[in-house]
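Generate coordinates for the entire structure from the input sequences, incorporating the hints supplied.
Going line by line, the protein sequences match chains R and Z.
If you read the first sequence in the numbering used here, its first letter stands for residue 113, the second for the next number, and so on.
If you read the second sequence in the numbering used here, its first letter stands for residue 116, the second for the next number, and so on.
Please keep in mind that the hints were generated in silico from the structure rather than gathered at the bench.
Hints are supplied without guarantee of correctness; some may be wrong.
[Said to hold, decoys possible] When the alpha-carbon atoms are kept at most 30 Å apart in a straight line, the in silico DSSO-like pairs for lysine-lysine are as follows: (1) R:K168 - Z:K157; (2) R:K182 - R:K169; (3) R:K169 - Z:K157; (4) R:K169 - Z:K172; (5) R:K168 - Z:K198; (6) R:K171 - Z:K198; (7) R:K211 - Z:K198.
[What the hints assert, rightly or not] Sample of chain R residues facing chain Z (criterion: CB under 10 Å; computed from the structure): (8) Y147; (9) L157; (10) V162; (11) T196; (12) L200; (13) Y213.
[Claimed, not checked] Derived coverage of chain R by chain Z (criterion: at least 3 residues anywhere in the stretch with Cβ under 8 Å from a Cβ of chain Z; other residues may be distant): (14) 127–141; (15) 180–186.
The C-beta atom is built at its ideal place from N, Cα and C for all residues, glycine as well.
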Amino acid sequence: TQLLEQSPQFLSIQEGENLTVYCNSSSVFSSLQWYRQEPGEGPVLLVTVVTGGEVKKLKRLTFQFGDARKDSSLHITAAQPGDTGLYLCAGVLSYNFNKFYFGSGTKLNVKP
Amino acid sequence: EPEVTQTPSHQVTQMGQEVILRCVPISNHLYFYWYRQILGQKVEFLVSFYNNEISEKSEIFDDQFSVERPDGSNFTLKIRSTKLEDSAMYFCASRGLETQYFGPGTRLLVL
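See below:
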């Protein structure tokens with residue numbers, strides 16, 4: 113079983129639609145990061161959330177960290193074809209800073 | 116903006132050969148990591164390194180693998196005798212306070 117369950121695995125939507133990607137766990141995380149990865153490239157950091165209940169906005173992307181620091185969500189408003197890519201959540205457990213745990217990723221395809 | 120760099124970007128090797136993948140982490144970071152990603156699959160943790168020693172490793176990181184920080188800037192991953200199934204993208208990462216930054220990766224192909 114995955115420590116971080118990410119859903120959905122695949123998402124294909126039309127340009128202009130809204131979407132939400134979820135990252136859930138039964139464990140408490142010290143922090144969670146969201147990355148976007150293009151094929152053949154390294155994950156690029158989008159945001160880090162640290163405080164329970166924290167909400168961060170990055171243009172049309174809104175990131176939320178759950179109050180209990182066990183889950184996070186990424187919401188994209190009015191998706192554009194340029195948002196197409198693999199979105200990954202990753203986190204550090206509150207009691208083990210040596211390892212980042214990754215979700216399995218969400219492949220987003222935004223059709224024009 | 117500081118970034119993690121990796122060399123080479125691509126490496127092709129014969130099965131059984133040794134390879135060394137190189138990384139230059141962000142200069143004031145103290146935690147370093149290696150991950151791999153087999154084509155089409157998820158990012159897998161290999162090893163973390165802190166204070167000049169391995170702090171955690173996964174079951175993938177067997178005796179064929181080793182890591183080293185030979186000087187103040189480089190962080191290397193050595194695979195002693197490569198196997199076909201070692202073909203993957205290998206990512207180095209370094210961490211500041213809470214955030215981990217990835218390098219662009221080395222694509223390793225074992226023939």
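Cross-check of the supplied hints:
1. R:K168 - Z:K157: Between K168 of chain R and K157 of chain Z the Cα gap is close to 25 Å, so the pair holds against 30 Å.
2. R:K182 - R:K169: Answer holds: K182 of chain R to K169 of chain R is near 19 Å, not above 30 Å.
3. R:K169 - Z:K157: It holds: about 26 Å lies between the C-alpha atoms, which stays within 30 Å.
4. R:K169 - Z:K172: Not satisfied, since the Cα-Cα distance of roughly 34 Å exceeds 30 Å.
5. R:K168 - Z:K198: violated, 43 Å
6. R:K171 - Z:K198: violated, 44 Å
7. R:K211 - Z:K198: Judged against 30 Å, a Cα distance of about 25 Å means the pair holds.
8. Y147: holds, 7 Å
9. L157: holds, 6 Å
10. V162: holds, 6 Å
11. T196: violated, 16 Å
12. L200: holds, 7 Å
13. Y213: holds, 8 Å
14. 127–141: violated (count 0)
15. 180–186: violated (count 0)
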